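Peer 1: Letter by letter, the chains look like this.
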Amino acid sequence: MSNEHTVKSYEEELQNLKDSLIKMGSLTESQMSDSMDAIIKVDKDSIDKIIKSDDEINKFRSKIDTQIMNLLVKRAPMAIDLRETISSLKISQDLERIGDLSKSNAKKIKPLPLDLPEELLSNLKRLGDLVIKQLNDVLDSYINKNFDKAKTVWEKDEQVDDLTNIAMQSVIDFLSKDKKNLDFSTHLIFATKNLERAGDHVTNIAETVCYLIKGEYLKGSRPKGKQAQE
Amino acid sequence: MNKVKIKSKNLNVHYGQKQALFDVNLDLNEKEVTALIGPSGCGKSTFIRCINRMNDVIDICKVTGKIEIDGVEINDENLDVVSLRERVGMVFQKPNPFPKSIYENISYGPKIHGKGETKSELDEIVENSLKKSALWEEVKDRLDEPGTSLSGGQQQRLCIARAISVNPEVILMDEPCSALDPIATAKIEELIDDLKKTYTIVIVTHSMAQAVRVSQKTGFFHLGKLIEVGKTEKIFKNPDNKMTQDYITGRFG
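Protein chains in written order, with numbering that gives the first Met the number 0: chain B, 0 to 229; chain S, 0 to 252.
Bound-form chain S, shown alone (with noise of 0.2 Å):
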């Protein structure tokens, strides 16, 4: 088993008043992809945006507890969210590039992080970026065309570069294949395997076969709770929670 890159240690989440998540405690580890499953509204979006800190953008807010990543707290107020950002990227449910070129979409990362400060460096990041996010061979004639104009299931895969551009150490990824057709999402699984060698991959998926197509860990919450996580082979086969059976057999009213 790989280290552990990922670590919550007690994390609670709370939106107001209401409590979106109960001391989660869960290890991620390095160059794996671990999935998060549970029912609309358990959790599971809102623990990996506590990964990059995207529920700082939400005034009413509150989280607590720890999340390491390489042993380091990133809730710390000193921590850089932007160089936290740059080492955690995020694809969401729905392709969304910026409306610019599709060499602008990539290239735009590294530049605000100061990355590729000559023409051909960019040149290189934009090239490597999308040959990553197997979209190259599909893309390379047209960069200035705007990234608008792919097919949802390239967005996808453009929004995969443009998150890969910055060299990040994890990809966090919020059903990030619910808009696309069963090719399109084949695609981009083909993809994540490929990634899972170079970066840390959390996913959040409602697809039980994805899951298991997908990761080799797998986190089931319900309610705000970390129910069951272990190996994906164990939970889809004989999980050890009778939830988390009710859930992936289609047994919960």
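One chain only, chain B, in its complex shape (with noise of 0.2 Å):
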């Protein structure tokens, strides 16, 4: 939309709340990498940290709510005003919930061994680093209006759901080997579910951008991996 608003103090209600959305994604993108590293580095001094910075995206949720309440009640947006401002409630609401997927994973941190098998990590960080970028993509296409990025994001769901299976399968190995291994075995299983969970929310986005978009939405279910269909 190259054509600004007449009234210029809607224009710039519309551009705060897009920026509220981008700098609330970015916070969620950093949260969440800061947490895989964590993981990956089985870094306990980092935890706290982590949990607190999901205070921040919480404090964007709302704000983005207020944003919004104020949008509707002064302008009664219409058209891609209207689109713009249902797909930032709807996307605030994804992002905070990958934050608090990310917490809830900092928090799995705490109990777990600093000798963790090579394997074990580097699947779990190739479903971390997977969903990071989704996430990244994600974010991008709603910055730069990009239907076929958000598209494609969309659809590598599917590669989330196969590294999922893997992650999950080295877990269970390493738990098979010794029962000793029962109790953090359980957080890395728990850890991997909130990965994938992440990873819906990321599709979720997507979709919602591509509404924002073309104002319809994706036809069709989404390509789902051989664990997710069954």
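Derived from the structure by calculation, the hints contain no laboratory data.
It is possible that some hints are incorrect.
[What the hints assert, rightly or not] Listed next, the in silico BS3-like pairs over lysine-lysine satisfying Cα-Cα at most 27 Å (straight line):
(1) Lys17(B) <-> Lys236(S)
(2) Lys241(S) <-> Lys148(B)
(3) Lys223(B) <-> Lys213(B)
(4) Lys40(B) <-> Lys124(B)
(5) Lys93(S) <-> Lys196(S)
(6) Lys230(S) <-> Lys73(B)
(7) Lys89(B) <-> Lys236(S)
(8) Lys230(S) <-> Lys213(B)
(9) Lys213(B) <-> Lys236(S)
(10) Lys241(S) <-> Lys218(B)
(11) Lys218(B) <-> Lys233(S)
(12) Lys241(S) <-> Lys150(B)
(13) Lys233(S) <-> Lys213(B)
(14) Lys236(S) <-> Lys7(B)
Since we're looking at a predicted model, the values are computed, not measured.
Two chains, two frames, some hints: make the complex.
Peer 2: Right under this line is the structure:
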């Protein structure tokens, strides 16, 4: 949309909303990246910092809610502005949930031993890297209103499902080697599942971005990995 | 979707040298509300005035192209304009009751159209029209008071009652709520919703929110051209035309 609103303050309010969402997205991405690093390095010193960063994300969610309410009340947005407003509400909800999942993963670091097997960590890292890349791409598609990029993210959730299965299998193998591993393996299973769920929220955001750009929902169901289909 | 009640084909209107409408092709469905939106001077009022040939009273106005109601061309020289206006009623921006009693405001139309020959028949028409326009309960005990003694919102409902008293098929509304407060507006909108079960309604409005609330179909006019027409939901959520989007989102310079 090249034309600006006749009412300048309306233009500013919409821009402020977009800015808030971009900042929230950037914080969520950093938090997820920090949380992933901390798991892989079993870095227990970072836990508190990651948990705290979730407060900042939640504050943005409240701020965005207020901005949306004000826009709806003051401007009764239509067409692209309406879609922009409603999409911001949905995207901010998904980002908040991703933040919660990263926080939850940070909490799971505490009971982990420092000598986790390399293969297990590398499979978990591959999954984490992919989810972070997906989040980065979807935020980029939102900023640049790039439909194709958002749709690619949506389609790539299949790979997240497949890597989740591989990572999950590594944990199960580790667990079956020694019953003593049971306690913290459970945490690793939940951490893996959290990453998959974060990937699902990224997919939701991709769907929202596609709707925002074209005004139509993507047709059909998204491609799913083997395990997810069953 | 309901059947097409009114069809305009390549409709052009000139006021002297100035062209007000350019090749307008627009179908209006029966027992539906169609909203016409667009900036002032875009031709939306000119368009609805073609439907009951109100433009005939303007000497310099020239209408070409076709408007059909139920497949019959209404610009035919032999067509009786009075009977056309019996079929196509109109409500204006400002409530304009006759300087007569509430009763006479309603009974006047049926009388000149030869309906309601006896007092009891007229009484029935007046009561039914006022009931349909949701005004009966408020005025039933003071039918002999002047129409102008009513509040603005009541006067507009009186004008709607007057329009429906001759049992029309179509009601044209040219910004019917622009002079009313939000409560009176809400009552008129509620009434429109009810009236569409019986009548085909065309409403010109500057309020996008009103167009969304009351209509099933919306047409956007700009500089005398029909830019886009479609389901109201589609027009206000995801219009096809950039000009429509610019207008409804407030991006018109």
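Peer 1: Take a quick look at whether Lys230(S) and Lys73(B) sit within 27 Å of each other, Cα to Cα.
Peer 2: 25 Å, holds
Peer 1: Given the hint that Lys241(S) pairs with Lys148(B), test it: the Cα-Cα distance must not exceed 27 Å.
Peer 2: 23 Å, holds
Peer 1: Keeping to a limit of 27 Å between CA atoms, is the pair of Lys241(S) and Lys218(B) held or broken?
Peer 2: OK: Lys241(S) and Lys218(B) at ~24 Å, within 27 Å.
Peer 1: Taking 27 Å as the top limit, are the C-alpha atoms of Lys236(S) and Lys7(B) close enough?
Peer 2: 22 Å, holds
Peer 1: If you draw a straight line from the CA of Lys93(S) to the CA of Lys196(S), is it 27 Å or shorter?
Peer 2: 25 Å, holds
Peer 1: Hey, Lys40(B) versus Lys124(B), does the alpha-carbon distance stay inside 27 Å?
Peer 2: The hint holds at about 10 Å.
Peer 1: Given the hinted pair Lys241(S) and Lys150(B), is their Cα-Cα distance within 27 Å?
Peer 2: Holds: Lys241(S) and Lys150(B) sit about 24 Å apart, inside 27 Å.
Peer 1: Hey, Lys223(B) versus Lys213(B), does the alpha-carbon distance stay inside 27 Å?
Peer 2: 24 Å, holds
Peer 1: Compare the distance between the alpha carbons of Lys89(B) and Lys236(S) with 27 Å, and conclude whether the hinted pair is satisfied.
Peer 2: 17 Å, holds
Peer 1: Would the hint linking Lys17(B) and Lys236(S) be met if the CA-CA limit is 27 Å?
Peer 2: Cα-Cα ~19 Å, so holds.
Peer 1: Just to be careful, I want the Cα atoms of Lys233(S) and Lys213(B) compared with a cutoff of 27 Å; is the pair within it?
Peer 2: Since the Cα atoms of Lys233(S) and Lys213(B) sit roughly 12 Å apart, the hinted pair holds (cutoff 27 Å).
Peer 1: Would the hint linking Lys213(B) and Lys236(S) be met if the CA-CA limit is 27 Å?
Peer 2: 10 Å, holds
Of the numbered hints given earlier, the model fails none.
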